[in-house]
Amino acid sequence: MRAWTVLAFAALCVPASVHAQPQGTASSRARDVAPIDLTGYWVSYVTENWRYRMVTPAKGEYRRIPVSPAGVPIINAWDPSADERAGNQCKSFGAGAIMNVPGRLHITWQDADTLRVDTDAGTQTRLFRFTTARASSAPKPSWQGESTARWEQVAAPEKGGSLRVVTSNLRAGYLRKNGVPYSERATVSEHFDISPLPDGGQLLLVTTIVEDPVYLNAPYITSPHFKKEPDGSRWDPTPCSSKW
Amino acid sequence: MLIEVVTRLVHRVRPVGGPHKAALAYRVALRRDSGEGGRSLLTLIVVLVARTACAQAAPTVVPSQFEIAGSWAPLATEDVQNDSVPVDYLGLALTDEGRTRALAYDESQKSMIERQCQGWGAAYAVLGPFGLRISSQSDPATKRVVSYTIDAWEDWMGMTIWMDGRPRPSENALHTQAGFTIGRWEGGALAARTTHMKVGFIRKTGVPLSDQATLDWRFFRHDDLLTVLLVARDPAYLVEPEIISKSFRLSKVPLDFRDPCVPGFEGREPGDSVPHFAADENPFLDEFIKLFHLPREAVLGYRETLYPEYRKKIKDTYVPPPPCTEDCGVSGNFVRRRGPTP
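Residue numbers (numbering that gives the first Met the number 0), protein chains in the order written: chain A, 0 to 243; chain B, 0 to 341.
With the rest of the complex left out, here is chain A:
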């Protein structure tokens, strides 16, 4: 390989371009340029959609979800015991639903360019990758799929920003515990925003947009929120269950 080719390769691999680099920032590793700090423990605060999140709704109910005609037979055929027998007890803990499952999040940096989100409900792990390096072969679809992430930083001199995550390559799952489906072709787009609480503390707002050309007629949009906790003393891992 000629020297200029090496130079071209190197030019692409050096930290961030001037174009997108916030002023005064030396590094472009996602962890170092984070405009907001999402790390720590967060607990679901279930003040919305309580009946669809805290308990399992009746079989056949899909109110508020824009289900396509193709989804209705699946909903009416929901059989949690069959899911369990087939080893699909995590079907309602996939990326399309997990942020709405009441529980706690533990958010950490797995490495400088990968944000890791663990959930105690269903013991799931999501990896938000800020680089687009991929394996040579497409990975198998999974409950949490493949997530690419990008910071959106507010222009100086203001501070703050948001995290945008897009997830695909999912295993087919449920949007709700009672079998309202999303397919392997679904895409989940999320915006993570932080807001201070008036009496102290912080709130994490996750605006979640599920699009599925198979089982949804329109995007399904929810915005679950979480309160920040001082530590992990209430972290309580619980395995997936198709019945609860």
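To be clear, the hints were calculated from the coordinates, so they are not data collected in a lab. Do not take every clue at face value.
[Stated by the list, open to error] Straight-line C-alpha distance at most 20 Å; calculated EDC-like pairs for lysine to aspartate or glutamate:
hint, chain 1, residue 1, chain 2, residue 2
1, B, Lys314, A, Asp78
2, B, Lys197, B, Glu106
3, B, Lys311, A, Asp117
4, B, Lys312, A, Asp119
5, A, Lys227, B, Glu303
6, A, Lys226, B, Glu303
7, A, Lys242, A, Asp78
8, A, Lys242, B, Glu308
9, A, Lys242, A, Glu83
10, A, Lys227, B, Glu239
11, B, Lys109, B, Glu265
12, A, Lys227, B, Asp215
13, B, Lys311, A, Asp235
14, A, Lys226, B, Glu239
15, A, Lys226, B, Glu308
16, A, Lys227, A, Asp117
17, A, Lys158, B, Asp315
18, B, Lys314, A, Asp110
19, B, Lys314, A, Glu157
20, B, Lys109, B, Asp82
21, A, Lys242, B, Asp315
22, A, Lys226, B, Asp215
23, A, Lys158, B, Glu296
24, A, Lys58, B, Asp326
25, A, Lys227, B, Glu308
26, A, Lys58, B, Glu325
27, B, Lys312, B, Glu296
28, B, Lys314, B, Glu325
Take the given structure of chain A and dock chain B to it, following the hints.
What follows is chain B alone, placed relative to chain A:
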């Protein structure tokens, strides 16, 4: 020509967050190339592979303010109204006094001619089913934004968010349904606080909000989605804040402007007593509980029911309701059948 074609190709495969670095690098590489086709192809492959493997995580810079004026259509994918049955306090953390007042409320109050057009308080902006029609008002001399206005509906008084730094009025100043709201841009979101509201409701089913309540708002915009976060605090009736977040989609056409409320006779004569229940004798107390097999403490708005621990607590006792087989809605949901007051 070849350079242009390949440059465009490289632009197209640009991954999330990356600018034009690959294209620029390719241009540099080609200038150093002797022009042989094989080398050009090799260069292209190298650049594409490198671009894919090494895309960096530089943030996208977004403006500190966004255009909020416009028509924002409701999405109806979240259940925040909780007004389909009279006693539904799910997702609330009420004080005992708040619960008692809520249970004493009779929806027939709204049939009284003097209450029909009373409207709902500021929080109804996100609790109600309608969209938001937002406009901005500017100072004619400086052209700076003085305020944003969210237009009223027939049963909601609208809201003005003052952006000009004016002070909040005295505690003893006039309290209104809409209250007094001051806003500012913060961290890329519009943050606002509402005070000076009259005694009102946080739910249409009669859950009260006192005149000491405070509403903190935050408006986030992501592409054509506006997500409104509301944190309601009330020292009289809420043990913990009520937090509601609701998204709206930018509409290409203006939302309908709704006619103002016009009172009419709805079966209550002027001077009739105010309809109400004794709190412990509310005839609808068990309706929601029975319909959906819900725990009583959740339906009555006890604090512990808002946290994940509660889900685990009821795991072994909760039995889902059977599927709806009659009087069902289009989405398989139960529809309330209401006869005479039981």
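Among all the numbered hints in the text so far, which are the ones the structure does not match? 17, 18, 19, 23 and 28
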